[in-house]
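A.B. asks: Chains as they are written, first to last, in the UniProt record's numbering: chain R, 1 to 272; chain E, 1 to 317.
By construction, these hints were calculated from the structure, which means they are not laboratory data.
Cβ coordinates follow ideal geometry from the N, Cα and C atoms, glycine included.
This list has only true hints and no planted wrong ones.
Stretches of chain E that chain R covers, calculated by requiring three or more beta carbons in the stretch to come under 8 Å of a beta carbon on chain R:
no. : region
1   : 48-60
2   : 101-115
3   : 123-134
4   : 140-149
5   : 246-257
6   : 280-292
7   : 295-303
Far from chain E by the CB rule (all over 12 Å, computed), these chain R residues:
no. : residue
8   : LEU32
9   : ARG48
10  : ASP49
11  : THR51
12  : THR56
13  : SER61
14  : ARG65
15  : ILE71
16  : ASP217
DEER-style ranges, computed between Cβ atoms:
no. : chain 1 : residue 1 : chain 2 : residue 2 : range
17  : E       : ALA127    : R       : VAL75     : 20 to 28 Å
18  : R       : ALA11     : E       : PHE221    : 17 to 25 Å
19  : R       : ALA11     : E       : GLU170    : 26 to 34 Å
20  : E       : GLY67     : R       : ASP49     : 53 to 61 Å
21  : E       : GLU170    : R       : LEU14     : 27 to 35 Å
22  : E       : ALA210    : R       : ILE71     : 51 to 59 Å
23  : E       : ILE90     : R       : SER216    : 30 to 38 Å
Residue strings, one per chain:
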Amino acid sequence: MRQRPNYPAGAGSLLWLVLVGLPLYVMLAATLRTRQDYAKNGPLSFPRDLTLDNYTGAFDSGFGRYFLNTIVVTVCVVGVVLLLVPPLAYAIVRSRGRVTSQIFRLFLLGLAIPAQAVIVPMFYLISEAGLYDNLLGVILPTAAFCLPMSALILSGAMRDISPELFEAMTMDGASPRRMFFQLVVPLSRGGLSTIVVFSALQAWNGFLFPLVLTQSDSTKVITLGLYNFQTEHGIDIPGLLGAVTLSMMPVLLVYLFARRALVQGLMGMGGK
Amino acid sequence: MTTQTTSAPPAAPVPGKARRAEAPYTARGTRPGFLWALPATLFFALFAIVPLIMVAVLSFMSWNGLGSPRFVGTDNWQRILDDPVMIKSIWLTLLLTALGVALQTPLSIVLGVWAAGHQRNRAVLSAIYFVPLLLSSTAVSVLWRALLDPNFGIPARMTWLFGDGNLFGEQASAIGVLAFVSTWQFTPFHTLIYQGAARAVPQVLYQAAAIDGAGRYRQFFHITLPQLRTSVITSMILMIVGGLTTFETVLILTQGGPGTDTTISAYYMYQKAFKGFDFGAGSAIALCLVLAATVVSLIVVRVSGYDRMRSSTEGVS
Chain R
1 MRQRPNYPAG AGSLLWLVLV GLPLYVMLAA TLRTRQDYAK NGPLSFPRDL TLDNYTGAFD
61 SGFGRYFLNT IVVTVCVVGV VLLLVPPLAY AIVRSRGRVT SQIFRLFLLG LAIPAQAVIV
121 PMFYLISEAG LYDNLLGVIL PTAAFCLPMS ALILSGAMRD ISPELFEAMT MDGASPRRMF
181 FQLVVPLSRG GLSTIVVFSA LQAWNGFLFP LVLTQSDSTK VITLGLYNFQ TEHGIDIPGL
241 LGAVTLSMMP VLLVYLFARR ALVQGLMGMG GK
Chain E
1 MTTQTTSAPP AAPVPGKARR AEAPYTARGT RPGFLWALPA TLFFALFAIV PLIMVAVLSF
61 MSWNGLGSPR FVGTDNWQRI LDDPVMIKSI WLTLLLTALG VALQTPLSIV LGVWAAGHQR
121 NRAVLSAIYF VPLLLSSTAV SVLWRALLDP NFGIPARMTW LFGDGNLFGE QASAIGVLAF
181 VSTWQFTPFH TLIYQGAARA VPQVLYQAAA IDGAGRYRQF FHITLPQLRT SVITSMILMI
241 VGGLTTFETV LILTQGGPGT DTTISAYYMY QKAFKGFDFG AGSAIALCLV LAATVVSLIV
301 VRVSGYDRMR SSTEGVS
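One chain only, chain R, in its complex shape (with noise of 0.2 Å):
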């Protein structure tokens, strides 16, 4: 029925393709060229002498160490995800009890809370147990806001499975534990993955935490060498640019790998 090309759509499409292609097309060709040439020929023209050093100059500042730093804290936030949501999102799914349905809507709730507003009772108490300029006193509160939102992705995900399948291992004796671990798990690995998505994307983009909480060059996270290059190279912008395409690289390697599953992942973020 619906045969005929969307035209004003189309339009609409093409040109966001450009708002979206062309500053990433200046990005790319800036990072390639020297700054003279930038500074000559403008951003949209195409690259003279091609040139690694913006890249290089990017290493130079300290962006190994800080790629090294941001690697942890995904990793670590991930970790505590994992290891913390699945049994939550069982317990929301499957118990019965007015307590698990408090916890409930307390995640709920927990929706609400934007990170600027906690931001400085965070820094109080971050400092108070002796976690200030730590990468753990980054990872904790980061993994803490990755809580609710992963928590409802899971629970969507974990809600899907048949009661037929818990009536049946019931029938056959198993504990809450072994229903866990050998029906809900490998079940609901679609809402896994998703969440892993989420809090990935949340601790590599992450800014305000390592901000607040970090100082030293050695506990300083890619977004955060980012923002101090642009403070101290601010008109160097071929050098600021190839910095900024190296902090989004990894990134955007997974997303030409596995593109379906991040745009599900970020789909989840929004709800339904």
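Use these hints to put chain E onto chain R, whose structure you have.
C.D. replies: Coordinates of chain E only, in the frame set by chain R:
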């Protein structure tokens, strides 16, 4: 104390008698008790709920970041309510949020409905569309700061369109840049929401409309849009919460300037607390943000049906 919380294994069901009491064997199956939810809940309470309570307490205290906080009553509140920059920051926050909703909503509906269709090049195009969504706000802001640089950026090359090329020098254009950059970054996300919802619209409705002779535009306004109603609300509420808590974009693109012309509340809170070492006033501003976000999210829970336990895979392609 904190490491203990993280390394604790998932709450195992208590063996023996306790388990039977908690997980009664019923016709509908053995069920887990609330202990399974406990580790996550304690962790979340420690790092989100406790600070949330503390922000309320700190808003009545004076603290400069060193030493101990001291109780000062409503002093902080009086100061921020008398502060013209604070009042201005609230208006700016509301303005930027409204601009974001007004720009992103129509754009993401059109793109989302388009992406839900069956065009030939859709897959390739939409792969590029979603790239901004993967980038950190920091990367996006630094990228646009570079592209819009007054001396070397795109506006400096197109003076016929951008005047002197310094978009950050005036309030109107600086606000325009901030609204544009968040639209650039978040439209793909809202497009995803609409794409999922548009796919879920029953095709029968379009078939019936086609038989009645309704054209494409009538179908869009009389079928597609009404069917997207819940998604419009969900997406708008997410935009509002996002708008209230915009931070990196302002910090990196405008530093709140020129003057205080783009100093929105979240940025002002950061400045007060972490630049001015006035953590009491910072907490009071933060508490205002919490209240605003809570009101909006209570609406999201009500309207979107999160609390009615819907399947999250609905509408996922």
